[in-house]
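Colleague: Each chain, letter by letter, is given below.
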Amino acid sequence: DAGVIQSPRHEVTEMGQEVTLRCKPISGHDYLFWYRQTMMRGLELLIYFNNNVPIDDSGMPEDRFSAKMPNASFSTLKIQPSEPRDSAVYFCASSLVVAGANVLTFGAGSRLTVL
Amino acid sequence: GESVGLHLPTLSVQEGDNSIINCAYSNSASDYFIWYKQESGKGPQFIIDIRSNMDKRQGQRVTVLLNKTVKHLSLQIAATQPGDSAVYFCAENIESGGSYIPTFGRGTSLIVHP
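Chains as they are written, first to last, in our numbering: chain E, 1 to 115; chain X, 1 to 114.
Hints were generated in silico from the structure; no laboratory data involved.
Glycine included, C-beta positions come from ideal geometry on N, C-alpha and C.
Errors might be hidden in some of the hints.
Some, not all, of what chain E presents toward chain X, calculated at C-beta under 8 Å [stated by the list, open to error]:
#1 GLY42
#2 LEU46
#3 TYR48
#4 ILE55
#5 ALA108
Computed, partial: chain X to chain E, Cβ under 7 Å [to be verified]:
#6 TYR25
#7 TYR32
#8 LYS42
#9 GLY43
#10 PRO44
#11 PHE46
#12 LYS56
#13 ASN93
#14 PRO102
#15 PHE104
Please build the complete structure, drawing on both the sequences and the hints.
Modeller: This is the structure we're talking about:
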């Protein structure tokens, strides 16, 4: 398996534009997580899915952020409209829980810069 | 004005020394713990895990110690190498509605000097 695949790796956009980040989890994994990493806040959990269903989105900063998982092999995180404070590295991770052990495999991340 | 960044704890060691990275966790009900390593420009990667019914677990050059009494984890790296330079995160699995969701610590930056 090629691991968790994220795209784009880098995105630079202007304030107000829509941003869509994409993630392909590892086949067979039933959990998918979206994290945001910044120097200010460290690694923050935004939302996670179990079997394609959003379970907890309490970490999503505000209504400008939305995430979908239309099928087991694809998820998107959308920011509309984007703001400079959204600049961060966004990570997608997937996992298969076995006996209460949830080991995440992370993608390489999408570095977002909003000007 | 200038924003204040998250100042990660930093451990600087010489190549060949042993390193010990510490982590305090929050939930006494957590029963599974993981250490992740994040190299520059990459996502965190699994290093080693430990269940709460154990005090110690060893891997290749790494050892994790768990002290449930004081809710403390440590990661020991033997004969540290420049390739070990990274940010290290501990994560505790917290049960939430039947799911076991990892909660990450702030991280510690390890710098290995050749």
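Colleague: None of the hints should be skipped; say for each whether it holds.
Modeller: For each hint, the structure was consulted:
{"no.": "1", "hint": "GLY42", "result": "5 Å, holds"}
{"no.": "2", "hint": "LEU46", "result": "12 Å, violated"}
{"no.": "3", "hint": "TYR48", "result": "7 Å, holds"}
{"no.": "4", "hint": "ILE55", "result": "6 Å, holds"}
{"no.": "5", "hint": "ALA108", "result": "6 Å, holds"}
{"no.": "6", "hint": "TYR25", "result": "15 Å, violated"}
{"no.": "7", "hint": "TYR32", "result": "5 Å, holds"}
{"no.": "8", "hint": "LYS42", "result": "6 Å, holds"}
{"no.": "9", "hint": "GLY43", "result": "3 Å, holds"}
{"no.": "10", "hint": "PRO44", "result": "5 Å, holds"}
{"no.": "11", "hint": "PHE46", "result": "5 Å, holds"}
{"no.": "12", "hint": "LYS56", "result": "17 Å, violated"}
{"no.": "13", "hint": "ASN93", "result": "5 Å, holds"}
{"no.": "14", "hint": "PRO102", "result": "6 Å, holds"}
{"no.": "15", "hint": "PHE104", "result": "5 Å, holds"}
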